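Asks: For reference, the chains in residue letters:
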Amino acid sequence: MTPTDTAAIRLTDIHKSFGPVLANRGASLEVARGEIHALVGENGAGKSTLMRILSGMYTPDSGRMEVVDGSGVLRDVAGWSTADAIKAGVGMVHQHFMLVPTLTVAENLILGAELTKDGPLRLLDGARAVEQVDALSHRTGLRVNASQLVSQLSVGEAQRVEILKTLYRGARILILDEPTAVLSPPEVAELWQVLRQMRERGETIVLITHKLDEVMSISDTVTVMRHGRTISRLRTAETTPQEIAREMVGRDVVLAGGLRRDAAMGEEVWAVASSRDAAPAGGTSLGQTSFPLPALELRGVSIASARHAEAVRDVGFSVSPGEILGIAGVEGNGQTELIEAIAGLRKLRSGTILLDHHDITNASVRARGDAGLSHIPEDRHARGLILDYTVADNLILGQQHRFARGGFFNSLDGERIAENARRQITAFDIRPDDPILPARALSGGNQQKIVVAREMGRDFRVLLAAQPTRGVDVGAIEFIHAQLLAARAAGKAILLVSADLSEILALSDRIAVMYGGRFVVVMPRAKASEEVLGPYMTGAERAA
Amino acid sequence: MTMTSPELSQNPKDTAGAGRTISRATASAHLREALLPSLIALLVAAIVGDILIVVFGQSPGAVYRLLIEGTWGNSYGFGQVLYKATTLTFTGLAIAFALRAGLFNIGAESQLAAGGFMAAIVGLVLPAGLPWIVMLPIYLAAAAFGGGIVGWIAGELKARFGAHEVITTIMLNFIVLALLSYLTSAHLKVPETLHTVEIHSGALPRLSDFIPAFHGSAANLVMVIAILACVAAWWYLFRTRRGFELRAVGLQPEAAEYGGVRPGVVWTRAMTISGAIAGLGGLNFVLGYKHYYEEGFAGGAGFLGIAVALVGGTHPLGVALAALLFATISQGGLAVNALVPKQFVEVLQAVVIIAVAVSVPEVRRILRAQRRTE
Chain D
1 MTPTDTAAIR LTDIHKSFGP VLANRGASLE VARGEIHALV GENGAGKSTL MRILSGMYTP
61 DSGRMEVVDG SGVLRDVAGW STADAIKAGV GMVHQHFMLV PTLTVAENLI LGAELTKDGP
121 LRLLDGARAV EQVDALSHRT GLRVNASQLV SQLSVGEAQR VEILKTLYRG ARILILDEPT
181 AVLSPPEVAE LWQVLRQMRE RGETIVLITH KLDEVMSISD TVTVMRHGRT ISRLRTAETT
241 PQEIAREMVG RDVVLAGGLR RDAAMGEEVW AVASSRDAAP AGGTSLGQTS FPLPALELRG
301 VSIASARHAE AVRDVGFSVS PGEILGIAGV EGNGQTELIE AIAGLRKLRS GTILLDHHDI
361 TNASVRARGD AGLSHIPEDR HARGLILDYT VADNLILGQQ HRFARGGFFN SLDGERIAEN
421 ARRQITAFDI RPDDPILPAR ALSGGNQQKI VVAREMGRDF RVLLAAQPTR GVDVGAIEFI
481 HAQLLAARAA GKAILLVSAD LSEILALSDR IAVMYGGRFV VVMPRAKASE EVLGPYMTGA
541 ERAA
Chain F
1 MTMTSPELSQ NPKDTAGAGR TISRATASAH LREALLPSLI ALLVAAIVGD ILIVVFGQSP
61 GAVYRLLIEG TWGNSYGFGQ VLYKATTLTF TGLAIAFALR AGLFNIGAES QLAAGGFMAA
121 IVGLVLPAGL PWIVMLPIYL AAAAFGGGIV GWIAGELKAR FGAHEVITTI MLNFIVLALL
181 SYLTSAHLKV PETLHTVEIH SGALPRLSDF IPAFHGSAAN LVMVIAILAC VAAWWYLFRT
241 RRGFELRAVG LQPEAAEYGG VRPGVVWTRA MTISGAIAGL GGLNFVLGYK HYYEEGFAGG
301 AGFLGIAVAL VGGTHPLGVA LAALLFATIS QGGLAVNALV PKQFVEVLQA VVIIAVAVSV
361 PEVRRILRAQ RRTE
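Going down the list, the sequences are from chains D and F. So the first sequence is numbered by our numbering: it starts at 1 and just counts up by one. So the second sequence is numbered by our numbering: it starts at 1 and just counts up by one.
Any given hint might turn out to be false.
[To be verified] Incomplete in silico selection of chain F near chain D, CB under 8 Å:
(1) L251
(2) Q252
(3) E254
Source of the hints: derived by calculation from the structure; they are not laboratory data. Note that the coordinates shown come from a computational prediction; the quantities given were computed from them, not determined experimentally. Glycine included, every Cβ here is placed at the ideal spot set by N, Cα and C.
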């Protein structure tokens, strides 16, 4: 344990419930001054609740909260407000950016504390704002252009602005909620560098994350939470990813692969790799031609979106039965549009889509589903689930015509819906196993299991898996990955899109990189690595 | 195996009949969730009402006693409550039905009028003296068609051009009511009046034909049709594939689209059915009461239907109960006039509407969705 006098944050035995849900039941956290502290745990473990309590958004039901003040003394802050927290130098950077796109970087930073000129009109002092932001940017190493519009920033830059905003308000303790979810590898490396610099200046950082490689590469100390309780507090240098994963899930987790030296970044990176890495005779070494005829084929597909006339430009590829084609790339480079077009949710500008050699370019969503297309959509809350519908009803979404009795009334067959729910809940271990709960009541991992069960628990030929493990816990990731590999073994063709490069590398037989709406490169898994793919993802390199 | 308790379904080994249990438990959960905000809203309205009554120097007890006596307390008053509730059930149900598809139908007023008008036209064309039992299906079809076509226009405009249904239904109110007014006054009306000539076929039995005590009140057989419409709407919404898809579109159009549903088709269909339900309400006046079409007979029932739908939690059963409540308040206004101004009940209705508007999830969801699309 860290000696008492160096603690920046000490939360002891925090309890917090939302109605019948116990989000925190005896959670504790001790963070030393000037360290990077990783807070890990499965979805629904209570990490975010605990951090929202710390930043004053929630009031705990009971427990002690102490945070260091300006003079270095731990002060009891139980039940403070967000304003109190900001005043005391505790700032939280949320997963979703809270920036005004039509304002400049500087204007976003001063929002709520606008600088004004003297005089009766109290005019805004734009020049001084830019000056101050530039100075802060220079001091922290967070490079931004203060007079640029936020709408023109890349995701990485927007995140830098979020961090700057927190620092501008005087944060000395920075809480980051899954900051790397939307970043490309070079942007992640850059973020780590900034965090390390902040640590050197004595600032304290709490990092909420799912990703064990991040824990290993950046943190000094790890706190693991499970079911609302703090399970353990470990020194990163003295632990292993396996141990952390075990603590998170409460049992041994199969993470094939191991720690390897990342020469380019000069740090150890934990990679979740599939067992096929160790078995070069696997699918990756097969040439594409040795696969049977493609199950899914796209020819010259271009797609328009609201923002781009050509969100996807002239993309053509095929996926064969028993093959996983992984599409890597920073989000927003056309992956969403591509998947939605294949699923029938978006019109093509030009091109052809073939499913088992049948032209489905103009087929309806339902016809595609009936032809053997399954789709795990990237946003389960917007598309994949109807949150107010029960688990049982969600398990038939898109299949409802198969559960109707037909005839004039075409009523739904409650018996078969219930039977289907029971079967899927058991097969895919959806918890709690109550089919009449609304989907909204389930944790993120279990919600995703509903989607996976519905799409993979039926007969299908081709699976579109878009961000299949986004925001789900380690146990569910393991489960979903096993399902994908089993489907591959059963001869299904799978198109996998993921912002998580380690996931792409772990599962794919071939890997394509999307940048600016194009496939900039397609390569067999054996040739791919983070270092190889990184430059393509940022557009720095493209295949001829 | 009889399944009466939702708890039974929590036993996963319990297989036979579990499907029924699931749907039953969900249905009762739907209703409970739907009606809770309404009960709170009524409590708030009661408190505001008390304060108002005290301000007028009266005792709340006395006023409410008078209100109950004038409505549920005697058979004429009760008959009038039932008559008013019948029209409100149709308009409330129409609006609730559209709300389930995520659509705010403000056009029930003109759909109601169009339904009544079409029924009257059919009545004028058909030979006199035919018994109601033969005529009823024709009148039902005519009224549903009249309202349905007005609803269909708004639905189609939304599905095809993305025109917002709130705007189009409000505008259609003006257009349709003006059109009906023109047709009535230029071609159909009895001189010196605002109504058509009397229909001599298919007049529906009144409640007083069965129970003489209701003599003088307008309550009639359309009441039964209103109850059947509620049951049918409930069945459609919660038991059929199309209802499953309609509610999916109402909750999350993107997810419904993902599930193979075309939201545009559902919007058109839902608005057409909604308009048809409102149109059926026209029979209450035209066939059940006056036996002619009269300009302005809708009398705001289309707009009060919005409140009925919201207080009823957009659930068909809740709508029927809410219609009774609003009919009671409306009829009670006449009874309490001696103690407090009759506008008192209008204030009471307004308070209920405001309290419900802030507490009903449908309204909040629609406002949220509106903000998102902006």
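Asks: Under 8 Å is the threshold here; is the Cβ of F/Q252 close enough to any Cβ of chain D for the hint to stand?
Replies: It holds, given that the least Cβ distance between F/Q252 and chain D is near 5 Å, below 8 Å.
Asks: Quick check on the hint: F/E254 CB to chain D CB, less than 8 Å?
Replies: 5 Å, holds
Asks: Taking the closest Cβ pair, is F/L251 under 8 Å from chain D?
Replies: Holds - the Cβ of F/L251 comes within 8 Å of chain D, reaching about 5 Å at its closest.
The earlier numbered hints are all upheld by this structure, with none contradicted.
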